[in-house]
Amino acid sequence: MKVRILVSLKDSVLDPQGQTVKNALHTLGYDSIKDVRQGKVFEIELEGISEEDAERVVPEISDKVLANPIIEKFSWQILEKD
Amino acid sequence: MKVRILVSLKDSVLDPQGQTVKNALHTLGYDSIKDVRQGKVFEIELEGISEEDAERVVPEISDKVLANPIIEKFSWQILEKD
Amino acid sequence: MKFGVVIFPGSNCDYDTLYALKDVLQQKAIFLWHKEHNLKNVDCVILPGGFSYGDYLRSGSIAAFSPLMQEIKEFALKGGLVLGICNGFQVLLELELLPGAMLRNKNLKFLCQFVHLRVENETTPFTSRAKKGQVLRIPIAHYDGNFFSPPDTIQEIKTNNQIVLRYSDDQGQLSEDANVNGSLESIAGLINKAGNVMGMMPHPERASETLLGSEDGRIIFESMIKWKG
Amino acid sequence: MIDRKILEEHNLTLDEYEKIVELIGKEPNITELGIFSLMWSEHCSYKSSKVHLRHLPVKGKNVIQGPGENAGIIDIGDGLAAVFKIESHNHPSFIEPYQGAATGVGGILRDIFTMGARPIVLQDSLRFGPLSSAKNKSVMEGVVAGISGYGNSIGIPTVGGDVYFNDCYSLNPLVNVFALGIVKKDRVFYAKAEGIGNLVLYVGAKTGRDGIHGATMASAEFGKDLEHKRPNVQVGDPFMEKLLLEACLEVMAKDLIVGIQDMGAAGLTCSTTEMASKSGTGIEIDLDRVPQREEGMTPYEMMLSESQERMLIVAKKDKVKEVQEIFSNWDLDAVIIGQVTEGERLKVEFGGKTVVDIPVNAVIDLCPVYERESKIPSYLESATQLEPLPQPENFNQAFLKLLSSPTIAEKEWVRRQYDHMVQVNTAFLPGADASVIRIKDTNKALAVTLDGSSLYTYLDPKTGGKIAVAEACRNLACVGARPIGVTNCLNFGNPEKPEIMWQFQETIHGIAEGCRAFDIPVTGGNVSFYNDTEGISIHPTPVLGIVGMVDDVKLITGPGFKEEGNILILLGENKDELGASEYVKTIHQKEKGIPPQIDLEEEKRIQEFCLEIISLELIESAHDVSEGGLATCLAESSFLSREKTGLNANLRDEIRADAVLFGETQSRIVITSKGQNHQKILDLAKDRKVKAAVIGKTGGERIIISHGDKKLIDVPVDEALKAWRNAIPEIFAIK
Ligand SMILES: Nc1ncnc2c1ncn2[C@@H]1O[C@H](COP(=O)(O)OP(=O)(O)O)[C@@H](O)[C@H]1O
Ligand SMILES: [Mg+2]
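In the order they appear, the protein sequences are chains A, B, C and D. Residue 166 in our numbering sits at position 49 of the first sequence, with consecutive numbering throughout. Residue 196 in our numbering sits at position 79 of the second sequence, with consecutive numbering throughout. Residue 631 in our numbering sits at position 23 of the third sequence, with consecutive numbering throughout. Residue 353 in our numbering sits at position 349 of the fourth sequence, with consecutive numbering throughout.
Think of the hints as simulated: they come from the structure by calculation, not from any bench. Take the hints with a grain of salt, since some may be wrong.
Here are some of the chain B residues that sit facing chain A, going by a computed Cβ distance under 7 Å [as the list claims (entries may be wrong)]:
id: 1; residue: Leu123
id: 2; residue: Pro133
id: 3; residue: Glu160
id: 4; residue: Leu163
id: 5; residue: Gly165
id: 6; residue: Ser167
id: 7; residue: Glu169
Under 8 Å between C-beta atoms, here's a sample of chain B residues computed to sit facing chain A [as the list claims (entries may be wrong)]:
id: 8; residue: Val130
id: 9; residue: Leu142
id: 10; residue: Tyr147
id: 11; residue: Asp152
id: 12; residue: Arg154
id: 13; residue: Val158
id: 14; residue: Pro186
id: 15; residue: Trp193
id: 16; residue: Ile195
Just so it is clear, the structure is predicted and the values come from calculations on it, not from any experiment. Even glycine gets a Cβ: it sits at the ideal position worked out from N, Cα and C.
Pulled out of the complex, with its shape left as it was, chain A reads as follows (with noise of 0.2 Å):
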């Protein structure tokens, strides 16, 4: 099974690569961009394990491993089942 995992930055909380790309972008003239939010995304494998154990481990991981949930926030999807 594949999964992907999506962290990123709590929305109050301060993002200053996304800033300084935001600036980046609009040097370059790409006046359009509002805004931009950089954060992490995992793609990870999962064997020998039933779908609604994933639906338990995931989250879990997320949460422990994979994002700082102090100031972080994660969402996550299913790629490829079984």
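For this one, chain A is given, so just place chains B, C and D with the ligands on it according to the hints.
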């Protein structure tokens, strides 16, 4: 309009960060995890631009700025239309 | 010989490089501001180390779009001498003046330490005062110095003798341990095909005085001075 | 309406509230209350520590600025001055290690460049719980990465510091960061708001809802409900700060501004009121003009926000345009948000209405000051009694175990994550007792060291305070530097507990005595109280940052042996003092006993002597004896030699063998000299009334230490080196 761009290392490029995450997860006992690849995600808000123009601009900035085509690939999708 | 040291927002080895050139080596050297479109008749451009634009997005990526970089690209294509040190090397890669890309160090940590470098190619303007096989002791300080390029590119690099410096031990032997950041082919310094644009991760300006622990870095600058005559 | 619950949430007592009402002549609205709660918090007002800090000596002929400004300033000659300060970021670092430590670096750097100085040195003093716990490991990993991430990016070398491990820091790590900058003596800037009608400019990052109540949080204990107390964590942006640094220094180099103040803890509130207070003026600002990152922010949130990387500037009216141009060249906006007014009031407008109107001195000067109750801690009686200990059966094993205990083991794992060479001033002495930073265009150098053993302070705070000063100065003496100024960070538990207050008072008296003995002024510092979690307090932990002067940088001396066959000389005397030592802690698992005592006069003689023989070029190396005792000191000098030179030493003191090897008796330095110099050194020592004895020779590939006729330690240098060097990397190895 809101778009999401995923940038990740090409399959042929070693991903030491993903490897480390995988190892950390194994140490914690998550043995079902077979592979982890880590990438970046950008959520961009566009304004005053038609969908057609966005279809041109988004891959352009992804290729030129957000990803380094020597090591990275990207994909994108529209999250919210105007 | 007149050197121009470029300042990007976030450059932090700009003063160090100017100091090594002017105060230590007694050369003419000036700063070049990234927003200008003017190389002020310098004979050689140095892109210094640091964290241009915070190294946000990718190391060196945003600086590559600076107005002055267009001038520098033209200058390089006309054969002008360009040296990129650390972040400067990363900028040259992003600008595609040099082949390849940098990945995060193999231990995923910032590394600041002295390393040994074996001179692989002594025929370049940047190493003409060194001998082939000579071992230099110069520090590194970077997060993303793990050089990577696709197989066909690395083949070409080798065929053209573009590898200038390799991480080695103090005896000049290559090993996994000596290759601290995990670079492909232990590459620490790389030159373009035309032989006028070099990038190197180690900081020669930090090894130009005995007080700092080594003078080996002077060889790089002195080679350039000699080359220009 | 302000009720009890609101007051509690703002950490204000009823008495304090009544005083506020009296001072401002009305019931405060919520924004005004927020302002008082911040400025009257322990963190900002020093209300529990003020009466005690007065005991610290602050005068000296080279002091340009003592406590009371963003940082202290010492004249270093050649028209230059050193600006330095230490600051804690303990609570934020526990909540989010990376960002907490990173913003700690950002904060202390702003304190330095606010005064017009270019920062050239960072150091960090870290305290963690034992690395056997995964949580402590990840806190340490995050903290080190945070300091590295910020300091490296902004390009200021982190040249040293210290790291200690103890159980008491498991729920409360300490992150103290020191910074030093250089300024031309006549170009110092202060936090002033002079000149009625001059304009107030806001520069740097936009204001968000970051760390609201951070200062009040640092002024209260953490309970179990920590998770809920988590305020919006501040994220550091070193790139923004780099731009601010360069732009501010450029503006200050021209004659354009009147005063400048950073916005750290307590943000807009603190900067506006402090600047006005110092100049006897008022300030008026309009919050609608403040650059905002989030929508719908209230005046309360804006005034209390701790968003990082912001500065407040008061500029001459006719120079504002020029100021703005300089900032714009660095891609920064300098926005006019208000002006300097007559009448010593802070007035804040929002949406066309006045939302704050209070007298400035009420906020700054009239905060209540407490002389809190103090009492000798009950733990002391039993904790200072060390029962008789058996000698180790195998001294080699005990020695190797001590070398690999994280407090003693090599910290290269930390150091190499820090760019410690940028700015090309770091005289390269890896692992030296103090870092040496040359001052360009002179022959001089500054030496900097941080020190403080909390185990000593826990068991005898006064002695601990004295030793912290003495040891820091000794570190300086070993490289050849004379102390010129002190900053200090006092990390303690809850001051409302009488036993903590006692520790605090005693420690200050110890520090004061130490500073007086060495005749060095305290130019500033920081107090961090409420380092308790779930009712457990940390050991009292003073961290001393002492700056020294090296008159001739060519003469600096390192801790590593230079060559084979040099004579080993011990300055000072071995005594039977094992209490509170790393040896007793690591080998006997006890944190007990009476710490080593110190005679400050003797200490001073030894340091003077060390400086003298360095200046006479009589010695090859010098290293002070501290944690781990004489055996550890000798081993480190071997590890830090270029060729990993071994040694053979023989001690004849008639005291317990383990006390000779591992005791932490103060006032000892091991030096090496060439054969032809050693008699001169001994003669001179006699003359200077310093105890000095030849204890052996350098050379060989083994570390051999005997006591009388008994060989206690005999191990290959390589083996000992491995134990010392690999301990920390192995704990953090990526599997
Ligand atoms: N332990 C101490 N010893 C001497 N001075 C101190 C100590 N703690 C705080 N101070 C002084 O009190 C003043 C206020 O400190 P602080 O609020 O930390 O300053 P800032 O707001 O600039 O960080 C400073 O001048 C500081 O040097
Ligand atoms: Mg301050």
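Now for the hints, and whether the structure bears them out:
With a least beta-carbon distance of about 5 Å to chain A, the hint placing Leu123/B at the interface is held under the 7 Å criterion. Checking Pro133/B against chain A by beta carbon gives a least distance of about 14 Å; that is not within 7 Å, so the hint is violated. Look at Glu160/B: its Cβ gets to within about 5 Å of chain A, closer than 7 Å, so that hint holds up. The criterion of a C-beta within 7 Å of any C-beta in chain A is met by Leu163/B, whose closest approach is roughly 5 Å, and the hint holds.
Because the smallest distance between the Cβ of Gly165/B and any Cβ of chain A comes to about 6 Å, under 7 Å, the interface hint for this residue holds. Hint on Ser167/B is violated. Least Cβ distance to chain A is approximately 10 Å, over the 7 Å limit. Violation of the interface hint for Glu169/B is found here, the shortest Cβ-Cβ separation to chain A being roughly 12 Å, above the 7 Å cut-off. With a cut of 8 Å, the hint placing Val130/B at the interface with chain A is violated, because the nearest CB-to-CB distance is about 14 Å.
The restraint placing Leu142/B at the interface with chain A holds, with a minimum CB-CB distance near 6 Å, inside the 8 Å limit. Hint status for Tyr147/B relative to chain A: holds, with the closest Cβ pair at about 6 Å, below 8 Å. Contact between Asp152/B and chain A, as hinted, is supported at the beta carbon level, the nearest pair being about 4 Å apart and thus within 8 Å. For Arg154/B, the shortest C-beta to C-beta distance to chain A is roughly 5 Å, which falls under 8 Å, so the interface hint holds.
Because the beta carbon of Val158/B sits about 4 Å from the nearest beta carbon in chain A, less than 8 Å, this interface hint is met. Hint on Pro186/B is violated. Least Cβ distance to chain A is approximately 17 Å, over the 8 Å limit. Violation of the interface hint for Trp193/B is found here, the shortest Cβ-Cβ separation to chain A being roughly 12 Å, above the 8 Å cut-off. Hint status for Ile195/B: violated, given a least beta-carbon distance of 14 Å to chain A, over 8 Å.
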